[in-house]
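Q: Using the numbering used here, you'd call the opening residue of the sequence shown number 68 and step up by one each time.
If you are wondering where the hints come from, they were derived from the structure by calculation, not from laboratory data. Note that the coordinates shown come from a computational prediction; the quantities given were computed from them, not determined experimentally. Incorrect hints may have been included.
[As the list claims (entries may be wrong)] The list that follows gives simulated cross-link-like pairs (lysine to aspartate or glutamate, DMTMM-like), each with its CA atoms no further than 20 Å apart:
1. K105 with D130
2. K102 with D80
3. K114 with D85
4. K102 with D153
5. K102 with D85
[Stated by the list, open to error] Label-pair distances were calculated between CB atoms; the ranges are:
6. Y107 with L170: 30 to 40 Å
7. P171 with R194: 27 to 37 Å
8. M175 with P139: 27 to 37 Å
9. R104 with S141: 14 to 24 Å
10. C146 with Y77: 30 to 40 Å
We put the beta carbon where it would ideally sit given N, CA and C, even for glycine.
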Amino acid sequence: MAFDLAMLTYTPDMRYADPARVRLVGALRYSHVAKQRKCYSPHMMGKHLGSRDAVSSFHVFLDETGRAWPEPISLNPPCQPTFSYDEMLLSDLCMAAAQNERLPFDEMLRDMLGPGARNSIWASARRLMRHIVSVVD
68 MAFDLAMLTY TPDMRYADPA RVRLVGALRY SHVAKQRKCY SPHMMGKHLG SRDAVSSFHV
128 FLDETGRAWP EPISLNPPCQ PTFSYDEMLL SDLCMAAAQN ERLPFDEMLR DMLGPGARNS
188 IWASARRLMR HIVSVVD
């Protein structure tokens, strides 16, 4: 069996992704760049998320994942149309939380995080996605 590096390193194109995933990743990238440049705006974050009500829940989710993640979260540059692996995983976790799919959520993190960290991320993702999914639906 041949080893296919292209298949192993493939990440989906955001231009064809679910709108909720695109909002999440756009908000992740905006947050990172805006904080680096010291021009963060909750109003702009609300635009990325599609709801000003989602902003505080988004920051709680980022705090929980940032604290639990074994390494710094890797983001692609804002102009990059493909997801990074962490962006894919974080959006997959949020989508599982939005659909109340706890078992798949835990399976994605079981090798990386313990039950306490998974519970915290689950709760914050559920709160966040209540705002995001209602905007996208």
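Q: Quickly compare the C-alpha distance for K105 and D130 to 20 Å and report which way the hint goes.
A: This hinted pair holds, its Cα atoms lying about 18 Å apart.
Q: Quick one: are Y107 and L170 within 30 to 40 Å, going by C-beta?
A: 36 Å, holds
Q: Taking 27 to 37 Å as the stated bounds, is the beta-carbon spacing between M175 and P139 within them?
A: 19 Å, violated
Q: Check the hint pairing K102 with D85 against an upper bound of 20 Å on the C-alpha distance.
A: 26 Å, violated
Q: Does 30 to 40 Å hold as the CB distance between C146 and Y77, or does it fail?
A: 19 Å, violated
Q: If you check the beta carbons of P171 and R194, does the distance land in 27 to 37 Å?
A: Given a distance of about 19 Å, which is not inside 27 to 37 Å, the answer is violated.
Q: Taking 20 Å as the top limit, are the C-alpha atoms of K114 and D85 close enough?
A: 17 Å, holds
Q: Determine whether the Cβ-Cβ distance between R104 and S141 falls within the hinted range of 14 to 24 Å.
A: Given range 14 to 24 Å: holds, Cβ gap about 19 Å.
Q: For the pair supplied as a hint, K102 and D80, is the alpha-carbon distance within the 20 Å limit?
A: 25 Å, violated
Q: Can you confirm whether the C-alpha distance between K102 and D153 stays at or below 20 Å?
A: 19 Å, holds
This entry does not satisfy hints 2, 5, 7, 8, 10, going by the numbered hints stated previously.
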